[in-house]
Amino acid sequence: MKDIHQFLCSPAESTHRHGPHDRIVMSSRVRLARNLRDFSFPGWAKKTERVKILETIQPAVSALPQMADSFCEAMDNFTALDKQILVERHLISREHAAKSSGSGLVLDRAEAFCVLINEEDHLRMQALRPGFQIREAWAAIDELDSALEKKLAYAFDNELGYLTACPTNLGTGIRVSAMLHLPGLVLAEQINPIIQSVNKLGLAVRGLYGEGTEALGNVFQVSNQMTLGESEIFIVERLEKVLGQIIEHEENARQKLLESKPRVIYNHIGRSYGILANAHLISSKETMNQLSFLRLGVDLDLFPGTNRALVDELFLITQPAHLQKQVSDKLSAEERDQLRADMVRERLKTVSRPATK
Amino acid sequence: MQCCVCKEKPATVHLTQIVGEKMQKLDLCEACAKAKGINDPTSFAMADLMLGLGASQELDPSPGTAEIKCSRCGFSQADFKKSGRLGCPECYRTFAEGLAGLLKTMHKGTRHVGKAPESLRKSRETGDRLKLLQKKLNKAIEVEDFETAAVLRDEIKGLSNPAAAKAR
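Chains as they are written, first to last, in this note's numbering: chain A, 15 to 371; chain B, -9 to 158.
Isolated chain A, as found in the complex (with noise of 0.2 Å):
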């Protein structure tokens, strides 16, 4: 097989990608869900039923003009390091990473578009931008969407719309989100508000979270949950508006703070640059937390000459199959630890400490 990692750009690459708001927007997606009419859908099909849908599926998805110039491959035919990769890429979800025989992947080479084949549905298609671009996304999609439905015959009901899977999916299959980034919300105290409005709009915050109630590295996915009685665009435009607002809520928490408690802010922001630049023994964990700053930092201007895309590649690079792509051996979680530490000062040291007034 072709090699995925000369096909996937380079983190540095992969984090030079701008969007609008990306300050705060980390990236946008719009996932459509769609299955075949005739197959069995994947949970319960038998693995010579999954290789036929695999089969008429992937060439189908592959002639598309937007996947011209695609990496295509079989699920087996990947090492488990390398799909641990791709999740930690947000490409694949961990389901599929699970997935082996009869399962698929096209992707497109500026990953722009992702289409997972034999995921929970038959065909799980994903439009991806940097920034806040979920209505470009839902476009993206729906152009790719309309020309796949001219060679493959859908699931569809008059009543129910596109069939999927799980009824949670039923009607447009459409999932929008968008990735944030929210250390002004969390640092202000104000994060959990915002989450418990956000649900009572019927939309779902999710992130990894650490102990108490801060999120990992203060990045949160929102995404929409109901996907029957409501139709694609009043989805996104829902999303969209919501969106909005939180930016604007960030924003102002993050000047509200500079403004009313400065200190706080520079203590966050030198503490974690201190450890970043200075740790010789840190775990992923400790690693994102730090890092959410130090990205707060570059935002506020407090690192002159330093690029916000160097804070996010150290997010991807220093989780944990990213670091055990870059050596040979097998690495324990402490000797993972230690490559972290080091592999961050090192990048660290072009960077001078926060210029705090």
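Mixed in with the good hints there might be a few duds.
[Said to hold, decoys possible] Restricting the straight-line Cα-Cα distance to at most 30 Å, the calculated cross-link-like pairs of lysine-lysine (DSS-like) are: (1) A:K344 / B:K24; (2) B:K59 / A:K214; (3) B:K112 / A:K60; (4) B:K(-1) / A:K344; (5) B:K(-3) / A:K299; (6) B:K59 / A:K66; (7) B:K94 / A:K255; (8) A:K60 / B:K71; (9) A:K61 / A:K165.
Keep in mind that the hints were calculated from the coordinates and are not lab data.
Since the structure is predicted, the reported quantities are computational estimates derived from the model, not experimental observations.
Place chain B on chain A using the hints.
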């Protein structure tokens, strides 16, 4: 803090998920976290992890009927209880009765609004139009407006059988 799965090793992975107004927390050791496949912050769903601990959904039991099985794929209600997923597209018809209640609690509505495959869009629009005309027709008959009713009846005939309408 101890791992809440093996209750032996110290917990180093801490998860919190907020769904609605409920917050759930889990503390796991590295080995158990790995075994549960938790390493991706974005696609993690606690419900998946807790599945089997009582988080799965259930179809409304249809009273008096024995175990229903999908005639096309052999999927049963018990299978749905286990996985929370259906077997094939046809299952939506097979289990329509039991699903109706579930869909009501899950979604904004019970009827699809939005995109449809172009090949089916026409029949979908025709279906919608027919329903509307039928409603109008019933109303017209109710108020004994037979003139309007006749026009509506012809339109319905034409829509449901375009070939016959043309031949006329």
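Verification of the supplied hints:
For a cut-off of 30 Å, the pair hint linking A:K344 to B:K24 stands: about 16 Å separates their Cα positions. A distance of roughly 37 Å separates the Cα atoms of B:K59 and A:K214; the hinted pair therefore is violated under the 30 Å criterion. Note on B:K112 and A:K60: the hinted pairing is violated, with a Cα-Cα distance of about 34 Å set against a maximum of 30 Å. Note on B:K(-1) and A:K344: the hinted pairing holds, with a Cα-Cα distance of about 22 Å set against a maximum of 30 Å.
Restraint check for B:K(-3) and A:K299: the C-alpha separation of about 22 Å stays at or below 30 Å, so the hint holds. Distance restraint check for B:K59 and A:K66: the Cα-Cα separation of roughly 24 Å lies within the 30 Å cut-off, and the hinted pair is therefore satisfied. Between B:K94 and A:K255, the direct Cα distance comes to roughly 25 Å. Compliance with the 30 Å bound is thereby established for this hinted pair. Straight-line distance between C-alpha atoms of A:K60 and B:K71 comes to about 20 Å, which keeps the hinted pair within the 30 Å bound.
Note on A:K61 and A:K165: the hinted pairing holds, with a Cα-Cα distance of about 23 Å set against a maximum of 30 Å.
Going through the hint list in order, the structure does not satisfy hints 2, 3.
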